[in-house]
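Engineer: Below, each chain spelled out in residue letters.
2 protein chains.
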Amino acid sequence: VQRNQEFRMQIAILTYDRMTALDAVGPYEVLGRLPGAEVVFVGARRGAVRTDQGSLGLSVDATLADVSRPDIVLVPGGPGQEDLMADEPTLDWLRRVDAGTDWTTSVCTGSLLLAAAGLMTGRRAASHWLARHRLADYGAAPVADRVVRDGKYLTAAGVSAGIDMALSLADWLAGPDVAQTIQLTTEYAPQPPFHAGSPDTAPGHLVEAMRAASRHTTLTP
Amino acid sequence: VQRNQEFRMQIAILTYDRMTALDAVGPYEVLGRLPGAEVVFVGARRGAVRTDQGSLGLSVDATLADVSRPDIVLVPGGPGQEDLMADEPTLDWLRRVDAGTDWTTSVCTGSLLLAAAGLMTGRRAASHWLARHRLADYGAAPVADRVVRDGKYLTAAGVSAGIDMALSLADWLAGPDVAQTIQLTTEYAPQPPFHAGSPDTAPGHLVEAMRAASRHTTLTP
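First to last, the sequence lines map onto chains A and B.
Counted from 1, the first sequence has number 9 at position 9 by this note's numbering; the numbering is strictly sequential.
If you want this note's numbering, it's the 1-based position in the second sequence plus 221.
These are calculated hints, taken from the structure and not from any lab test.
These figures come from a predicted structure and were not determined experimentally.
Please note: incorrect hints may appear among the correct ones.
Covered stretches of chain A (chain B as the covering partner; in silico rule of three or more C-beta atoms under 8 Å from a C-beta of chain B) [stated by the list, open to error]:
#1 54–60
#2 160–170
Facing chain B, a subset of chain A residues (Cβ under 8 Å, in silico) [stated by the list, open to error]:
#3 Phe7
#4 Leu22
#5 Gly32
With the Cβ distance kept under 8 Å, some of the chain A side facing chain B (calculated, not the full set) [stated by the list, open to error]:
#6 Gly36
#7 Val39
#8 Ala44
#9 Arg146
#10 Leu173
#11 Asp177
#12 Glu187
#13 Tyr188
#14 Pro192
#15 Phe194
#16 Ser198
#17 Thr201
Note that beta-carbon positions come from the ideal geometry of N, C-alpha and C, so glycine has one too.
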């Protein structure tokens, strides 16, 4: 992908402890390759956050105060999103940057954060299949699609869905040749060995086991 | 996924500057959810490495000397692999841990590192489609498949192929119910908006443009 030196597009990816790493890294791998893209990982403090499985930290190069006018904001999900839904500085930052973005995006339970900030009221949105129903608590309409667009709000289903969302966004931002070149660079021709990636296609006993487990915890994977 | 407290399986993921983040994070998201899995990100120095696009650092919790007997080793690819192919401490570590692993694995150009360490001689292996031919320089047989198994050596094609590889490995290690539960948790039901993830299916002019660009650089994406 050739970079146009005259065009700059800032993409802010929110970070927080116990986020799911792939929610952020999947879209990053795609969007960061767009011409003129300048990605910044932003969080409450510079340094690093620890992702949900505990073995991986992601760098945080900028504080919320450092990033006030991104062109695109991306909010990943993960168990840590639960605490953040009551964190006024984060919700306030989301509202402030959303006022200036071209695209406000989320992956997995990140859409619950956008919803808690009041940004999804009356809008259609995706989320992780186990958490999707909670969007209604914030006046949003849960949609069981992998990627949902409502105006400039682009939300993806669980974890890996962020890759598909980012490729669609790459197409809209830079055209099909750029999007397809990024897909070819990342060799994204998926061949999952099973068809269990959705509750509609996974074995019923596994779907039920996950639903039962989620009833007994506050887990929102 | 329930964790069996009595069973421990150490999975070492090699890190280095200018590696491709998704090569490591895709498989991590899958393998880290296996019962008993203990993932450690290992590198030349504790701290962090900066991935190839420059905007993301990954934590490094252990040095090469700290990790001597992992059950599984995973070697990601990325442009930084080029320098590492002449780095004797890294190659020596790969040889030493490989002597004790149950599985030695790679994503993307990570297989070139395994090959440079002398571990793939006479073996079939996958790599990024633009770099695959270089495996022959080390006596390995390049295979144009997404995931290639040769004994305990499991190698994946470019970047995103590591997710598919990890799901297959999850199946072999823990059975189809665990593997499918992980696939359902990460909602891995891919819907790429294009079919450009492989040189066999991408538009010819884009494949040719990438081939031409790779001839003029040492880039091995």
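Engineer: Take the hints in turn and mark each one as holding or not.
Structural biologist: Going through the hints against the structure:
Closer than 8 Å: that is the beta-carbon criterion, and the stretch 54–60 of chain A has 5 residues meeting it against chain B, so the requirement of 3 holds. Counting residues of the stretch 160–170 of chain A whose beta carbon lies closer than 8 Å to any beta carbon of chain B gives 6, which reaches the threshold of three, so the coverage claim holds. Evaluation of the phenylalanine 7 of chain A hint against chain B yields a violated restraint, the C-beta minimum of about 17 Å exceeding 8 Å. Taking 8 Å as the C-beta contact cut-off toward chain B, the hint placing leucine 22 of chain A at the interface holds, the least distance being around 4 Å.
Below 8 Å, beta-carbon pairs count as interface contacts, and glycine 32 of chain A has one with chain B at about 4 Å; its hint therefore holds. For glycine 36 of chain A, the suggested interface contact is broken, since its CB lies about 13 Å from the closest CB of chain B, more than 8 Å. Interface hint at valine 39 of chain A: satisfied, since its Cβ lies 4 Å from the closest Cβ of chain B, which is below the 8 Å cut-off. For alanine 44 of chain A, the interface hint is violated, since its Cβ never comes within 8 Å of a Cβ in chain B; the closest pair sits about 17 Å apart.
A hinted interface residue such as arginine 146 of chain A counts as satisfied when its beta carbon comes closer than 8 Å to some beta carbon of chain B; here the least separation is about 5 Å, so the hint holds. The criterion of a C-beta within 8 Å of any C-beta in chain B is not met by leucine 173 of chain A, whose closest approach is roughly 13 Å, and the hint is violated. Taken as an interface hint, aspartate 177 of chain A checks out: its beta carbon lies about 6 Å from the nearest beta carbon of chain B, inside 8 Å. Checking glutamate 187 of chain A against chain B: minimum C-beta separation of about 3 Å stays under 8 Å; hint holds.
For tyrosine 188 of chain A, the interface hint holds, the least distance from its beta-carbon to any beta-carbon of chain B being 4 Å, beneath 8 Å. With a cut of 8 Å, the hint placing proline 192 of chain A at the interface with chain B holds, because the nearest CB-to-CB distance is about 6 Å. Satisfaction of the interface hint for phenylalanine 194 of chain A is found here, the shortest Cβ-Cβ separation to chain B being roughly 5 Å, below the 8 Å cut-off. Taken as an interface hint, serine 198 of chain A checks out: its beta carbon lies about 4 Å from the nearest beta carbon of chain B, inside 8 Å.
With a least beta-carbon distance of about 7 Å to chain B, the hint placing threonine 201 of chain A at the interface is held under the 8 Å criterion.
Hint compliance for this structure: hints 3, 6, 8, 10 are broken, all remaining hints hold.
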